[in-house]
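*Asks:* If you read the protein sequences in the order shown, they are chains A and B.
Here the first sequence is numbered in the numbering used here, starting from 47 and rising by one per residue.
Here the second sequence is numbered in the numbering used here, starting from 47 and rising by one per residue.
Hints in this document: simulated from the structure, not taken from any laboratory.
Take the hints with a grain of salt, since some may be wrong.
Any copy, or any two copies together, can satisfy a pair, since identical chains are not distinguished.
[As the list claims (entries may be wrong)] As a list, the in silico PhoX-like pairs of lysine-lysine whose alpha-carbon atoms are at most 20 Å apart: (1) K55 x K312; (2) K69 x K200; (3) K174 x K109; (4) K86 x K200; (5) K177 x K328; (6) K200 x K305; (7) K109 x K177.
There are 2 protein chains.
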Amino acid sequence: MEFLDHYQKIVAEAVDKYTFTEKPSELYEPMNYIISHGGKRLRPIMVLMGNELFDGDMEKAIKPALAIEFFHNFTLIHDDIMDEAPIRRNKPTIHTLHGINVGILSGDALLIKAYQFFEDLEPELFKKCIKIFSETGAVLCEGQQNDVNFETQKHVSYDEYINMITSKTGVLSAASFQIGALIAGASEEDAELIYNFGKHIGIAFQIMDDYLDVFGDMEQFGKKHAGDIYENKKTILYLLALEHANEEELSELNYWFSKKTDNVDKVYSVEKIFRRTKVDDKVLRLIQKHNEIGQSYLDKINLPDEKKLPFRELANYLLRRES
Amino acid sequence: MEFLDHYQKIVAEAVDKYTFTEKPSELYEPMNYIISHGGKRLRPIMVLMGNELFDGDMEKAIKPALAIEFFHNFTLIHDDIMDEAPIRRNKPTIHTLHGINVGILSGDALLIKAYQFFEDLEPELFKKCIKIFSETGAVLCEGQQNDVNFETQKHVSYDEYINMITSKTGVLSAASFQIGALIAGASEEDAELIYNFGKHIGIAFQIMDDYLDVFGDMEQFGKKHAGDIYENKKTILYLLALEHANEEELSELNYWFSKKTDNVDKVYSVEKIFRRTKVDDKVLRLIQKHNEIGQSYLDKINLPDEKKLPFRELANYLLRRES
Numbered sequence: 047m048e049f050l051d052h053y054q055k056i057v058a059e060a061v062d063k064y065t066f067t068e069k070p071s072e073l074y075e076p077m078n079y080i081i082s083h084g085g086k087r088l089r090p091i092m093v094l095m096g097n098e099l100f101d102g103d104m105e106k107a108i109k110p111a112l113a114i115e116f117f118h119n120f121t122l123i124h125d126d127i128m129d130e131a132p133i134r135r136n137k138p139t140i141h142t143l144h145g146i147n148v149g150i151l152s153g154d155a156l157l158i159k160a161y162q163f164f165e166d167l168e169p170e171l172f173k174k175c176i177k178i179f180s181e182t183g184a185v186l187c188e189g190q191q192n193d194v195n196f197e198t199q200k201h202v203s204y205d206e207y208i209n210m211i212t213s214k215t216g217v218l219s220a221a222s223f224q225i226g227a228l229i230a231g232a233s234e235e236d237a238e239l240i241y242n243f244g245k246h247i248g249i250a251f252q253i254m255d256d257y258l259d260v261f262g263d264m265e266q267f268g269k270k271h272a273g274d275i276y277e278n279k280k281t282i283l284y285l286l287a288l289e290h291a292n293e294e295e296l297s298e299l300n301y302w303f304s305k306k307t308d309n310v311d312k313v314y315s316v317e318k319i320f321r322r323t324k325v326d327d328k329v330l331r332l333i334q335k336h337n338e339i340g341q342s343y344l345d346k347i348n349l350p351d352e353k354k355l356p357f358r359e360l361a362n363y364l365l366r367r368e369s
Numbered sequence: 047m048e049f050l051d052h053y054q055k056i057v058a059e060a061v062d063k064y065t066f067t068e069k070p071s072e073l074y075e076p077m078n079y080i081i082s083h084g085g086k087r088l089r090p091i092m093v094l095m096g097n098e099l100f101d102g103d104m105e106k107a108i109k110p111a112l113a114i115e116f117f118h119n120f121t122l123i124h125d126d127i128m129d130e131a132p133i134r135r136n137k138p139t140i141h142t143l144h145g146i147n148v149g150i151l152s153g154d155a156l157l158i159k160a161y162q163f164f165e166d167l168e169p170e171l172f173k174k175c176i177k178i179f180s181e182t183g184a185v186l187c188e189g190q191q192n193d194v195n196f197e198t199q200k201h202v203s204y205d206e207y208i209n210m211i212t213s214k215t216g217v218l219s220a221a222s223f224q225i226g227a228l229i230a231g232a233s234e235e236d237a238e239l240i241y242n243f244g245k246h247i248g249i250a251f252q253i254m255d256d257y258l259d260v261f262g263d264m265e266q267f268g269k270k271h272a273g274d275i276y277e278n279k280k281t282i283l284y285l286l287a288l289e290h291a292n293e294e295e296l297s298e299l300n301y302w303f304s305k306k307t308d309n310v311d312k313v314y315s316v317e318k319i320f321r322r323t324k325v326d327d328k329v330l331r332l333i334q335k336h337n338e339i340g341q342s343y344l345d346k347i348n349l350p351d352e353k354k355l356p357f358r359e360l361a362n363y364l365l366r367r368e369s
C-alpha cells in the first residue's frame with residue numbers, strides 16, 4: 047500500500063517531532079511509550095486523507111491528526127486497564143509496567159494533550175473541530191459502557207450491537223475524515239459525506255474483526271484464535287447464529303456460552319454451528335453492505351474519481367485483511 | 047456567609063437543570079451521583095464571582111461554571127481510585143459502589159462533558175476558555191503525579207512542595223476566576239490579575255489543609271485527626287520541621303516517618319516536634335503571606351472596593367476555617 051506508507055512516514059515524523067518533553071517523566075514517558083509503538087496509525091492518516099481530498103494544507107492538519115492518535119491511545123490505555131490486558135502491540139501495557147494509577151493518570155493527560163493539539167487552528171475552525179472531537183469522545187465512552195453491559199445483558203439485539211460498534215469504532219474514523227476535511231475548508235455537506243464514509247467503513251472494519259477472530263489467520267494478528275468464543279463474547283457471529291439456529295443448535299450454543307472453559311471442543315462446536323447457520327457468509331455480506339454504503343457517500347462528493355482512489359484503496363485494505 | 051449561600055443556590059439549581067439524562071445509565075448515573083453530592087462547590091462559584099466582578103451575564107457563565115465543577119469531580123473520581131478511598135463527602139466513592147472500571151470510564155466521560163459545557167460561547171471566547179481549561183488540566187495531572195512521586199522521593203524541597211500544591215489546587219481556583227472574568231469581557235490584564243488572586247488563595251487554602259490536619263478540629267471535617275502523620279505524608283509542616291529541627295528532633299522525626307503505624311505516640315511525638323520547631327506559627331505566617339499576595343493582585347484591579355468585598359470575604363472564609 048504505497049500511499050499508506052507515504053502517510054505513515056509523515057505521521058511517524060510528526061510523532062517524533064512532538065514527543066513530550068514535559069516533566070514529570072513518570073507521567074509523560076508512558077504517554078511517549080504508547081504513542082511511539084504506533085500500530086498502523088490509521089486514524090491520523092484518515093485526518094490527513096480527508097484534508098488532502100479537499101486540497102488542504104498538510105502542515106495545518108498534522109497536529110490535529112496527532113490529536114486523534116493521542117485520543118485513540120488514551121482510550122487504549124484506559125481500556126487495557128479495564129480489560130486487564132497485559133500486552134498491546136506486542137509490548138507490555140502501561141498499567142502492567144507502571145501500575146493502574148500511572149495508567150489512569152497518563153491516559154487522562156493524553157486526552158487533555160489531544161485537546162491542546164487543536165490550538166493552532168483559528169477560533170471558528172477550532173470550535174468546529176473541538177465540538178466534533180468532544181462529541182466523538184462522549185459517544186465512545188457510551189459505546190465502551192454498552193460493550194461492558196452486553197457481557198451481563200441476557201439478550202442483545204442486532205441493532206444494539208450495530209449501535210455499539212458504531213459508537214466504539216465507527217464514529218472515530220468518521221470524525222477523523224471529517225476533521226481533516228473541515229481543516230481543508232471543505233463545505234459542511236462534503237465534510238458530512240466523508241464522515242459517513244468513515245462511519246460505515248469503521249463499522250465494516252469492526253464486523254470484520256469479529257469475523258477474523260474465528261475465521262481469520264490469527265498468527266497474522268498475534269491474537270489467540272477464536273478468543274471471542276472462549277470469552278463468551280456476544281459478537282455479531284454469535285448474535286446472528288442465535289437468530290438462525292435450529293432448536294438443537296440453539297441448546298448447544300447456550301450450553302457452550304453458559305460456561306467459561308479452555309476446552310477446544312467449545313471452539314470446534316461453536317464454529318460448526320456458525321458454519322451450519324451460514325453466519326460466516328451472512329457476516330461477509332454485512333461487511334460488504336456497509337462497505338457499499340460507505341462508498342455511496344464517497345460517490346456523492348463532487349470531485350474527480352482519481353482523488354477518491356486512496357479512499358477506495360484504504361477500504362479495500364481494511365476489509366480484505368487476509369480474508 | 048450570605049453571598050456564598052446565594053451562589054450555592056444558583057449552582058445547585060444549575061446542577062439540577064443539567065442532570066445527565068443520556069444513556070447508558072451505568073455510565074451517566076455515577077456522574078450525576080458525584081455531582082449531586084456537591085461539597086461546597088467553590089470552584090463554580092469562583093467562575094460566577096469572576097464573572098460578576100466584571101458585570102458579566104450570569105446566564106452566560108453558568109454552564110462554564112458547571113464545566114469547572116465537572117472537571118473537579120472528574121479528578122476526584124480518578125484520585126479516589128488511585129488513593130483507594132472508600133468515602134467521599136460521607137458517601138461511598140464511585141469505584142467502591144460500581145468497581146474501578148466504571149470509575150475510570152465515568153471520570154473520562156465527565157471530563158469530556160466538561161469540555162462540552164463551554165460550547166455555547168462564541169468561537170473567540172470558546173477558544174480562550176478551552177485553552178485555559180486544557181492547560182489547567184495538564185498542570186493538574188502533573189501536580190498529581192508529583193504528589194505521588196513525593197511519597198517515594200527521599201528529599202522534597204520547599205519549592206517542589208509549593209509547585210506541587212500550586213499545580214494541584216492553585217491553578218484550578220485561578221483558572222475558575224479567570225474564565226469567569228473573560229466571559230464577562232474583562233481585559234486580558236484584569237483576567238490575569240484575578241487569576242493570580244485565585245492562585246495564591248488556592249495555595250494558602252492547600253497549606254491550611256495541611257495545618258488543619260494536625261492542628262484543626264477534625265470532627266468538623268469528618269477526617270481522621272493527623273491522618274497525614276499516620277500516612278507519613280510529606281506535608282509543609284513536615285518539610286519545615288526537617289529544616290528547623292535539632293539533631294535529636296531530626297532523628298525522632300526520621301524514626302517515626304520511617305514506619306507506618308497506628309501508634310498514637312507517633313502523632314503525639316511528631317506534633318510536639320512541630321510545636322517545638324514552631325512550624326505551626328511558620329505555616330500560619332505562610333498562609334498569611336499567600337493571602338496577602340493574592341489580595342495585592344485584587345488591589346490592582348481598577349474597580350471600586352465594594353465590588354471586591356466578596357473576594358475578601360471568600361478568602362477569609364477559606365483561610366479561617368475554624369482555626
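*Asks:* Quick one: which hint numbers does this structure break? Sort them smallest to largest.
*Replies:* Hint check: 1, 4, 5 fail, others pass.
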